[in-house]
Amino acid sequence: MAVLSRRHLHRRAERSAVRAASGDPGRATGTGTGRALAEPTDATGTDPAGGGSATPAVRHRPDPERPIGLHFPNNFRWGAATSAYQIEGAAKEDGRGESVWDTFSHTPGRTRGGDTGDVAADHYHRYGHDLDLMRELGLHSYRFSISWPRIQPDGTGQPNRRGLDFYRRLVAGLLERGIEPMATLFHWDLPQALQDLGGWEQRDVAYRFAEYAQILFRALGSEVPVWLTINEPKTVVQNGYLSGHHAPGRPDADAAYLVAHHLQLAHGLAVQALRAERAACRIGPALNLHPCYPADGSPAAAAAARLYDGYENRLYLDPIFLASYPADVLADLGPASRLAGGIHDGDLDVIAEPIDLLAVQYYTPFYVAADGSTVRRWPTSEADWQQIHPDGMFDALTRVHREYGTVPITITENGLPTPDRLAADGSVDDPGRVAFLRDHLAAVHRAISTGVNVESYHVWSLLDNFEWAEGYQQRWGLIYVDYPTQRRILKRSAHWYRRVIAENAI
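The opening position of the sequence shown corresponds to residue -13 in the numbering used here, with each subsequent residue numbered one higher.
There may be inaccurate statements among the hints.
Simulated crosslink set (DMTMM-like; lysine to aspartate or glutamate; CA at most 25 Å straight-line) [said to hold, decoys possible]:
id: 1; residue 1: K220; residue 2: E389
id: 2; residue 1: K220; residue 2: D331
id: 3; residue 1: K220; residue 2: E197
id: 4; residue 1: K220; residue 2: D357
id: 5; residue 1: K220; residue 2: D240
id: 6; residue 1: K220; residue 2: E187
id: 7; residue 1: K220; residue 2: D238
id: 8; residue 1: K78; residue 2: E197
id: 9; residue 1: K78; residue 2: D108
id: 10; residue 1: K78; residue 2: D140
id: 11; residue 1: K220; residue 2: E456
id: 12; residue 1: K220; residue 2: D80
Since the hints were derived computationally from the structure, they do not count as laboratory data.
Build the full structure now, drawing on both the sequences and the hints.
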C-alpha cells in the first residue's frame, strides 16, 4: 500500500477508535466534530465516480409533505427494510446460536450505553403485529435478513428446525398480506463459532456460507422471489476490520481486504448454489455506494478521489460486473497484500457469476482532499458521518447504469436518524425524515427518467431498532418503538409514506 493511502487508512481507523473510546462509536468520515456546516458549500469538482459534475443538493421546502408532482412508473414497488439482529431479539431462544454481534455488544465499552440486541424490537415474538403494520402502510415489498446462527447455531451442519420455522411463518405471513418477501442471507451476524475459527479471514467460511444459503433455498424455495447475498461487505471490511468499532472488532488493515475477497467469493458461491437449485427466483448483492468527489479543483484532489472511489465502490462493483479488481487499488495495496495472495484461480469467475439485480444502498457522499482526507460539504444528520446530499443518490444510480450496464436496481436502504420524541397526544413528528425521503425519492425519479432501471425502493428502516455500535441512541424507523413497552407508533413519515405508496407519487 502506498504510504499516503496507508497513512490515511490508519488515520481514519485511529479517529474512529478515539471516538469509540470517548463514548461516540460512530464512524468519523470528515474533519471537525459535531454537526456539519449549517449552510452547505457548493461542490464544483468533477465526480470521478460518476464522470459528471457534482450538483447542488435539493433544498428542503417549507412543507415537506406538499406534493411536487412526480409520478413513478406503474410497476414501481415500494417497501421497507430491516435486519435480523437489529429487530428480532430472542437471542437465546429456539436453538439460536451466538453471533459475533452478541459477543461484541456484550463486551464492555463496545456499544453506546452497553446496549445489546438481546431484545431489540422483539420482532421474533411480535412479527404478526409488525406484518399487519406493513399491510396498513401498503407495502409491496419487505426486505429482511435471516439470522445465520438461528439456522445453523455453529455455522455448519444440519439446520435448526425451529429457526427455519420462524422464517417460514414470516414468509407465509407476508404472502398472506400480499407483500413480496425479499430475503438477505447475511447482514453481519456471523456465527461466533465460525469467528472462533478465524471468521471471514478464512476462505472456508465462504464455502460454509454457500451451504447455509443452499439450506434456505431448499427450505423456502421460490416463496421468496428475491434473494440478496451479502449486505454491505464494505461495512464489514471498514468498520469491522479497519476501525474495529463493529463486530468482530479486529482493527487490521491487512486482514481487512482479504476479508473483502472472501465476502465477495461467498456472494458468488451463493449465486451458484441458487442456480443449482433451479429455483424460480432472482438473486444479487446489496452494496452501499458512496459517490466520491474531489474536495477542490486540483489534479491532486481528483487523483485522491479516484483512489478513494476505488476502495469505496469499485473494489466491490468491478469483481461482480467485470471479473476483476480495480488495478489502482491492487497497486496501492501492493503485490504482497493478503488480498492479492488470497485470490485463487477461478475465484473472479465465481464472483462474476451473472446476477439478476443489484441492491443499492445510499446514505452519504465523500469529498476527498489532495492528501486523501475527507471534508464535509453538506449538513449532517444525527449520524454525524452522514452528509445529506440527495443528488448523490442520482450520481450513484446513473454511475452504475453508465459503467456496469442495465442491470435492474432495487434500492434497499435509504434513510436517516432524527430526534424523534413521543408527544403527549401519542404522535411522533419527524418532518426532517419526510423532507429527506422526499428529496432522495426525487433524485431516484430523476435517475429513472434518464433510463436507469430502478424497480423498487425500500426505506431504512421499518422500525426503530438496535443501531449497531450506537445502540438505541439513534432512531431510523418509520415506526416508533417504545422500548419499555414495545408499543409501535406510526410516525408522521409513516403516514406520509403510506400516501406516497397509494398515489405512486411524491
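Structure-based check of all given hints:
no.	hint	in the structure
1	K220 / E389	20 Å, holds
2	K220 / D331	23 Å, holds
3	K220 / E197	23 Å, holds
4	K220 / D357	22 Å, holds
5	K220 / D240	14 Å, holds
6	K220 / E187	14 Å, holds
7	K220 / D238	14 Å, holds
8	K78 / E197	23 Å, holds
9	K78 / D108	12 Å, holds
10	K78 / D140	13 Å, holds
11	K220 / E456	19 Å, holds
12	K220 / D80	31 Å, violated
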